[in-house]
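Chains A and B are the protein sequences, given in the same order. For what it's worth, our numbering labels the leading residue of the first sequence as 1, then goes sequentially. For what it's worth, our numbering labels the leading residue of the second sequence as 1, then goes sequentially.
Don't read these hints as lab results, they were simulated from the structure. Check before you lean on any hint, since a few could be wrong.
[What the hints assert, rightly or not] Here are the computed lysine to aspartate or glutamate pairs in the EDC-like style, where the Cα-Cα straight-line distance is at most 20 angstroms:
id: 1; chain 1: B; residue 1: Lys2; chain 2: A; residue 2: Asp254
id: 2; chain 1: B; residue 1: Lys138; chain 2: B; residue 2: Asp164
id: 3; chain 1: A; residue 1: Lys364; chain 2: A; residue 2: Glu490
id: 4; chain 1: B; residue 1: Lys138; chain 2: A; residue 2: Glu524
id: 5; chain 1: B; residue 1: Lys180; chain 2: B; residue 2: Asp126
id: 6; chain 1: A; residue 1: Lys364; chain 2: A; residue 2: Glu508
Please read all numbers here as calculations on a predicted model, not as lab measurements.
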Amino acid sequence: MSRQILLGDEAVALGAVHAGLSAAYSYPGTPASEIMEYLVRLSAESRAFAAVWSVNEKVAYEEALGASFAGKRAMVSFKHVGLNVAADPFMNSAITGANGGLLAVSADDPGMHSSQNEQDSRFYVQFAQIPGFEPSDHQEAYDMAREAFDLSEKFGLPVLMRLVTRLSHSRSAVETREARPQNELKKGTGKDWILLPGNARGRFSQLLDRQAEMVRCSEESRFNRLELNAGDRSFGVIASGIAYNYFREAVAGDAAPPSFLKISTYPLPESLVRRLVAHVDKVLVLEDGYPFIERQVRGLFGVPGKTVLGRASGDVPASGELTPDIVRRALGLGPLPALPVSGLPLANRPPQLCAGCPHADTFKALNKALEGRAGASVFGDIGCYTLGALPPFNAINSCVCMGASISMARGASDAGLHPAVSVIGDSTFAHSGITPLLGAARADADMTVIILDNATTAMTGGQPTYGSGQPLLRLIEGLGVPKEHIRTIEPLPKNHETNVRIIRDEIEHRGLSVIVAVRECIQEQRKKRS
Amino acid sequence: MKQDIILAGVGGQGILSIAYVIDNAALADGLTFKQAEVHGMAQRGGAVQSHLRLADGTIWSDLIPKGQADLILSVEPLEALRYMDYLRPDGTVVTSSTPFKNIPDYPDVAQVLEAVRKAPRSVVVDAEKLAKEAGTVKAQNIVLLGAAAPVLILKEASLRATIDQLFRGRGLPILEANLKAFDLGRKAALGQ
Numbered sequence: 001m002s003r004q005i006l007l008g009d010e011a012v013a014l015g016a017v018h019a020g021l022s023a024a025y026s027y028p029g030t031p032a033s034e035i036m037e038y039l040v041r042l043s044a045e046s047r048a049f050a051a052v053w054s055v056n057e058k059v060a061y062e063e064a065l066g067a068s069f070a071g072k073r074a075m076v077s078f079k080h081v082g083l084n085v086a087a088d089p090f091m092n093s094a095i096t097g098a099n100g101g102l103l104a105v106s107a108d109d110p111g112m113h114s115s116q117n118e119q120d121s122r123f124y125v126q127f128a129q130i131p132g133f134e135p136s137d138h139q140e141a142y143d144m145a146r147e148a149f150d151l152s153e154k155f156g157l158p159v160l161m162r163l164v165t166r167l168s169h170s171r172s173a174v175e176t177r178e179a180r181p182q183n184e185l186k187k188g189t190g191k192d193w194i195l196l197p198g199n200a201r202g203r204f205s206q207l208l209d210r211q212a213e214m215v216r217c218s219e220e221s222r223f224n225r226l227e228l229n230a231g232d233r234s235f236g237v238i239a240s241g242i243a244y245n246y247f248r249e250a251v252a253g254d255a256a257p258p259s260f261l262k263i264s265t266y267p268l269p270e271s272l273v274r275r276l277v278a279h280v281d282k283v284l285v286l287e288d289g290y291p292f293i294e295r296q297v298r299g300l301f302g303v304p305g306k307t308v309l310g311r312a313s314g315d316v317p318a319s320g321e322l323t324p325d326i327v328r329r330a331l332g333l334g335p336l337p338a339l340p341v342s343g344l345p346l347a348n349r350p351p352q353l354c355a356g357c358p359h360a361d362t363f364k365a366l367n368k369a370l371e372g373r374a375g376a377s378v379f380g381d382i383g384c385y386t387l388g389a390l391p392p393f394n395a396i397n398s399c400v401c402m403g404a405s406i407s408m409a410r411g412a413s414d415a416g417l418h419p420a421v422s423v424i425g426d427s428t429f430a431h432s433g434i435t436p437l438l439g440a441a442r443a444d445a446d447m448t449v450i451i452l453d454n455a456t457t458a459m460t461g462g463q464p465t466y467g468s469g470q471p472l473l474r475l476i477e478g479l480g481v482p483k484e485h486i487r488t489i490e491p492l493p494k495n496h497e498t499n500v501r502i503i504r505d506e507i508e509h510r511g512l513s514v515i516v517a518v519r520e521c522i523q524e525q526r527k528k529r530s
Numbered sequence: 001m002k003q004d005i006i007l008a009g010v011g012g013q014g015i016l017s018i019a020y021v022i023d024n025a026a027l028a029d030g031l032t033f034k035q036a037e038v039h040g041m042a043q044r045g046g047a048v049q050s051h052l053r054l055a056d057g058t059i060w061s062d063l064i065p066k067g068q069a070d071l072i073l074s075v076e077p078l079e080a081l082r083y084m085d086y087l088r089p090d091g092t093v094v095t096s097s098t099p100f101k102n103i104p105d106y107p108d109v110a111q112v113l114e115a116v117r118k119a120p121r122s123v124v125v126d127a128e129k130l131a132k133e134a135g136t137v138k139a140q141n142i143v144l145l146g147a148a149a150p151v152l153i154l155k156e157a158s159l160r161a162t163i164d165q166l167f168r169g170r171g172l173p174i175l176e177a178n179l180k181a182f183d184l185g186r187k188a189a190l191g192q
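Looking at chain B on its own, in the form it has when it is part of the complex (with noise of 0.2 angstroms):
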């Protein structure tokens, strides 16, 4: 069993929080895992993506090579369109709809969403309306983790357990409003 992820999206939109959700819970089911990360200049504003490796056994690489990525899972649709070589040819793109725009060449988010919708299996949740619907625009990224949850080879109460553990210290509105954001995304993908 294993799984090869590439998480996508821009410095800031909390790809690092899915990547520390997913590498807890892999923990508590036992599996072993690499997860690659992008620090420093890139950060700021820049594209971002994080390789993240799940198995059941040894995984020689951190990174994942080209054409092995069984998901891309992306919290904006350009940049997840960016790692499409990485995916399998029966791979599986989650990704929001929610363009975030901060160049002035950004392309028709329509024509970003119909190339993304080419892969295999392709979901495509509006983070930014879900979240804001769950209690916080800032759930974005745990809206695409619960549109991810299904694909996922990991226990669904892991996941739980590590989204409460990651906000837990934030007060109880803030906790609420992120699970509550797991399950709408969980929802949206699961009635696609």
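Okay, chain A solo, but in the shape it has when bound (with noise of 0.2 angstroms):
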């Protein structure tokens, strides 16, 4: 045993190695990226496990099912939206089972600190009916990764752990276990992995079965928490994952604290909730995300007798992270003295490409290059090159999704508009862009992709990409792309003038154009100097 200081993204990470891990696949986003950036660190100096970047997280889900498949614990890990991407393998692999353990890592980001939505990843859960786990700190982290291994073969299924960013990249000390050795290699057997319609009707009957087993375990778990006061009736709180941290640090004065049940495990515990609530008269339910306990707890039409107060009735905001300043408010405690804030007027300070990114040279040509052309749209994709859609660039008109900017320009192209531009970096293309550029080129259609190939995967810390440089330049010619119509340029301030030529040359081309804009991040460069 040891203590260690780890973020929480690590100490899942930790925790997942010493259970016995053999493989952990990822595709990096904020804020789960440091779960294997670690792995690939602890991988590089042992060789112990397998530590890989996937290409996208739909691929990283499955590389961990066929890990798991073979009998090996396995572990993917992607931040909320990651699980969007990964979600048909991931219902599926409720139905087929896990054979060696299979960790699943949703990492959700409540206060869009880095995201496009604040989607909340319990509902994953419940929907493909699986096993959760939700820590409120890192030794739970750690714990509960170790925890979930041995839950995931117990029940032969996947198990979803789900974080926050507030605890992904929070850092504290953990005390470390033992390492437990890896499984043997033992391949998944007989019809369960086939999911035919006749063999998925069994398992998803058998997954239904054992929906009591799970809850029962979940009632069990050392990770929940009830505390009744015998001697105050009047009121209780429900605390999921790290509010419980918030909720006690409110309470931590108090003689007699309110009776609570920190929930940590799902599915809920039922039997635990009825506890608290027969105990209570007013339950305020406490949870970072979306109100997914309370409404459970409310029911359709409430709870008889009973006031239930949280996010979906108003006492607590609707959106946002929660902080312990509005979990104080929801206790209905006052404010702690502060100092009084000066009014001096606070300039903004956001985030903005780097001094000296090639982003900022290709914008600079493409804007320079629509100018005067008052019908077109730039769709944009998930990446550094999303802040061109602040000044000074203004660059772009949206941004949704992984890959969505060269779809969406293809439907836009369909229905009429020109110029329809897409702009999307090297590591995107390769995780959503193939797929949409390859009915693009079937079609040929009116519309100028934009590939920003700086050589990685810059927004979160610079990850290495699958496409990019001359492979890069292959597959879209592989794709159909028709050769006279794919060009590179270099985005420097020297090059301007040519640049804003070479986008308008083929924005003017009637048919599809893929410009590859080649130059490397600034701060990997910065790097590999230092």
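Since each chain sits alone in its own frame, please combine them into the complex, following the hints.
The structure is reproduced here in structure tokens:
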């Protein structure tokens, strides 16, 4: 045993390694990236397990599922919107089941610190009807990773752990335990893994049959905690995951804190919820994310004789990250005395492209090339270059999800918009851009795709990418894009005029063009020099 | 014993290195700590802050409630001001006087510093000048750590040992410059 300083993300990763992890897969995304970053480092030192940056989350999930099929313990991690990408194999893996332990970790981003939405992955736990974990601190994140693998093998099902940004990116000390050896190879057998309807029906009813057992397991979990205040039956709190910390912080000085139930496992530990609700008249549900527990406690018509408060009732803000201050207010506690604020206007400091970023030169050239074209629409994608939406560039009109720049430009072009331009990075292109470009190439859709090849996944800290340089150009050609309309530019100030001309020419071409803007990310270049 | 600290600055200014040194010193001193930090998009030239809590007992929340911070430690004056509502009525601000101007509407620096000095205790050091004096302009963050050292509930030896651990791999001149930056920051603060 030793005490180690770890991020929440790293605590999960180390817990998995100490649980006998054989293979881990991920696609980078804030706040989940540090899970795989850490595993890649550990794997480089020990060579004991595979740690792979996959081409996208769906692929990552399927790779982990394959490792589980082989009997080994496997982990897959991504941010919450990554789980959408992986949703197909994820949902179906609840039907195939897991052979070696399979742990999926989804890091949610309440408050949208670096995300397009704040969806709550706990709904996916319920959707797939599998066990779920939600740690409240680093020690739990570490310990739960170990227990999640045991539970996965006990039930023969994948298990989903939900993190939130605040825990993923918080650092603390963790007591580690002795590592468990890896599983022997033992391939999946029978018809379990063949989801033909006849087999899948049988597997699905087996999944349904085990729900009650999962609830019992959750009720017995050491990660949940019920404390009833015998002297006060008026009010109690249900708090899940990290919200539990804010609750305990707020009542830390109380001689007799209100009754509470801490929930860290799913499906909901029903008997514990019933005991808490039976004990008090009024229940406040504190959860970071959606009112997932609150709605289940309330049911459709409420609990007779009880008042249930939370995000759905409006007693906690419906959106955004929970904070200690929000929780204090919900508990009816006043703000702590603070210093009066100066009143001096504080200029905002929004994120921006780094000084010398190649994307800046591409956006400048693109803006110039589109001057005077009122109908032009630029469909952006997910990456550093999304910051091109902000001043001084104001260069893109959409940002939806990975790969959507190309498919949306195709749709807009089909609808008659001209010019329809797509801007996408090399990592995002490999993730979700190849398939829509294949469709656009087959149709020779009238659109211009600009692939920003900076040879890295820059926004999340510089993870490797799959489609950069010559292989990327060959890939584009292989998809059927006419060779004469595959152009490359080097986004540098000195090339501005040339780049404007090339972009203009290809926009004027009434068919598909792909322009690859090739210049390495300035941050990665700096890292190599230092 | 407990100490709640808001670390503030702009992405890329080395806030996480300050946090790293404090975390490891806390571990060495046998304290518990929680440190919430900012990654991803916000780091690209945006305002970043880290909530860092030290205690000799349980720390529940990863975030500091408003009005609870004992110290704001900022590598840039405007960012020190941004989190003043987190400060206790008897709290301390330690900040650099060197502005980081990557926005067009950066307010008048003299006014910003005047507002900072309204805190019950404030220490303002010219981190850029002291870091250059120490041998590398990059060590401004360590200058500020040194300036905060007299206020921190951590042993100075633990802080110095962790700076050693952080920079030893980058060569002796860089290590020495950072240790000197720490000392210059400390001296400047004690002289105020």
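Each hint, compared with the structure:
1. For the suggested pair Lys2/B and Asp254/A, the alpha carbons sit about 18 angstroms apart, so the restraint of at most 20 angstroms is met.
2. Of the pairs offered as hints, the one joining Lys138/B and Asp164/B holds, with about 16 angstroms between alpha carbons and a cut-off of 20 angstroms not exceeded.
3. Between the alpha carbons of Lys364/A and Glu490/A the distance comes to roughly 13 angstroms, so the proposed pair stays at or under 20 angstroms and holds.
4. Taken as a hint, the Lys138/B and Glu524/A pair is honoured in the structure, with Cα atoms around 18 angstroms apart against an allowance of 20 angstroms.
5. Restraint check for Lys180/B and Asp126/B: the C-alpha separation of about 15 angstroms stays at or below 20 angstroms, so the hint holds.
6. With a C-alpha separation of about 18 angstroms, the suggested pairing of Lys364/A with Glu508/A holds against the 20 angstroms cut-off.
Hint violations for this structure: none, all hints satisfied.
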